[in-house]
Amino acid sequence: MMREEATDGKSGRSFETPPRDAILRRLLRMRRFWRFLTGAHILLCAPRAASPRVDFEGDPPSFRAANRPTSPNVGAAARKVARMTKPSPARPLSPHLQIWRFTVTMAASITHRATGIALYSGTILLAAWAISVSLGEAAYSYVGPIVRSPFGLIVLLGYSWALLFHFLNGVRHLYWDTGRGLAPKTATATAWAIYIASALGALAIVAAGVAARSA
Amino acid sequence: MSAKGTPTFIMQRASAVILAPLAIWFLFSAALHLGDSYTEVSAWLARPVNGVLLAALVTVGAFHMRIGLGEVIDDYIHGSIRGPLRVLNTVVALGVVVAVYWSLFGPTP
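So the protein sequences, as listed, match chains E and X.
Letter by letter, the first sequence follows residues 1 to 215 in this note's numbering.
Letter by letter, the second sequence follows residues 216 to 324 in this note's numbering.
Heads up, none of these hints are tricks.
If you want the ones that stay clear, here's a sample from chain X, every Cβ over 10 angstroms from chain E, calculated:
no., residue
1, Thr221
2, Pro222
3, Met226
4, Arg262
5, Pro263
6, Val264
7, Val267
8, Leu268
9, Ala271
10, Asp289
11, Ile296
12, Arg297
13, Leu300
14, Arg301
15, Thr305
Which stretches of chain X does chain E cover? Using the computed rule of at least three CB atoms under 8 angstroms from a CB of chain E, they are:
no., stretch
16, 244-254
17, 282-288
18, 310-318
If you're looking for bench data, these hints aren't it; they were derived computationally from the structure.
Yeah, the Cβ is synthetic: ideal placement off N, Cα and C, and Gly gets one too.
Given these sequences and hints, build the entire structure.
Laid out in structure tokens, this is it:
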């Protein structure tokens, strides 16, 4: 390895130039860092990495065999994502709702989103109700009878059920976030329990409210 | 919403934790009081406990529902109306808060 003595023009101190392989290593590091920055390494390399560990706790052997992970082709995945950003109508869609076997957990997930959207519109109704109260008795005289009518009662029942379902399933989600309750049996049982509890609870609460109001 | 996934995720869970007790309070209050007569309703709203809890529910609720519907918009709406819908989503959430604040703390008729 050749080592040269050179002199810094300003201070006159001498320093050693690093050996050639050190320079090459530094260049390689810089290229790696640059690729990391630009993300080109995701698009260009298809790493032959070890297959990821997947926890098949509680799943039958046939499911394990069918879903055993193969070594990931990150390059292909990244190119697929890049293609997905500009969709073309000719490309087939991924398997959609009607492909999958219907399960309660899936229904609960869909219902969670649906009740969320329902609560969004229900909150707009609540704001309208609050405005009518603040506008005075004349404005409220239009709103009060609607709330007390059978139609208003159905809306109130629907809103209560949506709120109770979204609340209970939200608690389920928060429990999931701690990493517990995710086994298929537990998730199925809690989904059923939430459907039953929310329906019964909403009925009971609205019935109690109506009884208290008419008493 | 899509550019800051982790803060959005955390804020959605945090607002859910705050909303949980408020939702239960509101569930019973709505069943008991939403259809009352004008004098009963305004007396109920005039009580500080109810006003503060309703204001808290609507504030945190609007925050939570804006993130939630933003997620729905990002999932299902593609093309040029996504941007305007996101803006509309924010406007509606803010509008709900302003409406309820105005009716709670605004001028009384």
